[in-house]
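J.: Position chain D relative to chain C; hints supplied.
Below, each chain spelled out in residue letters.
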Amino acid sequence: MATHKSSKITVAFMLMLVLNSFSSFAQLDTEEVIDESFNPTEMIMHHIGDSHEWHFFGEGEDSFTLPLPVILWTDKGMVSFMSSEFHHDTEGEHIVEANGQKFVNYHGKIYVLNEGESELDYNEEAHAALNADHPFDISITKNVASMLLTSVLMFILFMGLAKHYKKSKKAPKGFKNILETLVIFVRDEIAKPQIGEKKYMKFMPFLLTVFFFIWIANLMGLLPGAANLTGNISVTVALGLFTLALILMNGNKDYWQHVFWMPGIPTPVKPILAIVEILGVFIKPIALMIRLFANITAGHIIILSLIGLIFILETAGVAAISVPFALFITVLELLVAFLQAFIFTLLSALFIGMAVQEHEHH
Amino acid sequence: MDLITPEYGLFVWQVVVMIILIVLLTKFAWKPVMKAVGEREASINDALASAEKAKEEMANLKADNEKMLQQARTERDEMLKEAQQMKKNIMAEATEDANQKAEQILEKAQAAIQNEKKTALAEIKSQVAELSVQIAETVVKKQLDDKKEQMDLVNKMLDDVKLN
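Here the protein sequences come in this chain order: C and D. To get this note's numbering, take the position in the first sequence, counting from 1, and add 701. To get this note's numbering, take the position in the second sequence, counting from 1, and add 531.
Check each hint, because a few of them may be wrong.
[To be verified] Here are a few chain D residues that face chain C, going by a calculated C-beta distance under 7 Å: (1) Glu-538; (2) Gln-545; (3) Val-548; (4) Leu-552; (5) Ile-553; (6) Phe-559; (7) Ala-560; (8) Trp-561; (9) Pro-563; (10) Val-564; (11) Ala-567; (12) Gly-569.
Don't read these hints as lab results, they were simulated from the structure. All C-beta atoms, glycine included, are put in the ideal place defined by N, C-alpha and C.
The following block holds chain C by itself, in its conformation from the complex:
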């Protein structure tokens, strides 16, 4: 029974990977038809970047795209409309009028045109719009939608798990058992050894949330057409800042003493070490942010590059090599998805553990 189930899962994974490759093909195919010259950088950046609409396949008006709400905070208050009103335009040509203002989408960024202007004047050299402002954009972008989807999935999974315990005290079966095992894994392999038996309970909610959020988001990112959520620097910066905030809020006297005035070393060295230690406080979460962002984005770039090779060399024969390679990397990414969630959580726990540790005074 168990082997039967696992083989089913394996088949599902394989199918997913194959679909992943195909969807990349489909997108590339149509792109090539539209603007004859294939630009791999643009293609890759489009795939790993954020966007105001959730594009699955196809191009232009015929594409299969999920429109998402655009929410802007402008000088005249909140403005909201669906991204489909741009009609897939990202060159700043199609103007959407809302709340008495004119909006254009230029390369994924939304600009509000100044009063009286009817066309966006964008200076490529300065990377700035000359006659428009970039309002505070809190749209439900592809990444935000993906984030919300991940959250909903987490609620469904873990409230379901919690519900199980209301009915019975026994260990759950099947998928819930996997979830429970992972919860225990986070507790016994991450929180307890890094933070210590006495204080780990306080940080469990954060560690569990961050672990499962990153893991599920990583896995969702591997699905065809999905967003590159955990490979987005904004997301990893936010996650890293949570760790930093917990360190700053929970650091005890000992910790700050070790940062600012390290005991047990000659006095002249102390200020030098203090500089290093203060920098260290911030570098630790920054390293977390960059590690997660770079690992996930790199994985996506490798897969897209391998598929892109076919179109750069313009021979289908390359597919014989690059598709199995992309498949291999995708399988590797499944491992990386878990590994990065584990490493982020482990290092967060380690840094928090260092901040709350009770030093033995000799």
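T.: Below, chain D alone, put in the same frame as chain C:
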């Protein structure tokens, strides 16, 4: 540069979603799950400890039983020995008693026999004397001339005595 420039909108969303996730999941998922897992672990540990205790108790009970059995056995042996001893004693006593009584009875019987004998002898003596006198009297009375007849008479009388 877009790749490594954080977008404020996405950043704000991530912070807000993360806070909501932490708060709601803590209330509705992590706490009940951690509690249930903790309780289950505690109950497993308790069960193991109590099983160990029960095992120990069982062993103790077994040892106790063994001890009690041993004790009972020795007690039984002792009781048997005692009973045997008692039996021997009783028998010895009884034998002695019986012997004594028998002796006493014998003594009494002998004494009685002696007495009877004495009395009988005395009686015999007196009867013999009387008979002698009677015989003599008769002999004298009849004053038989015939010697033979006299002898017959004496014999006859003696026979009579014998018959008595």
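J.: Give a verdict on every hint.
T.: Hints versus structure:
1. Glu-538: holds (5 Å)
2. Gln-545: holds (4 Å)
3. Val-548: Given a least distance of 5 Å, the restraint on Val-548(D) holds.
4. Leu-552: holds (5 Å)
5. Ile-553: holds (5 Å)
6. Phe-559: holds (5 Å)
7. Ala-560: holds (4 Å)
8. Trp-561: Where the cut-off is 7 Å and the nearest Cβ of chain C is about 5 Å from Trp-561(D), the hint holds.
9. Pro-563: Pro-563(D) check passes; min Cβ-Cβ to chain C is 4 Å, inside 7 Å.
10. Val-564: Hint on Val-564(D): holds, closest Cβ of chain C at ~5 Å, below 7 Å.
11. Ala-567: holds (4 Å)
12. Gly-569: violated (9 Å)
Figure legend: structure checked against the earlier numbered hints; the only hint not met is number 12.
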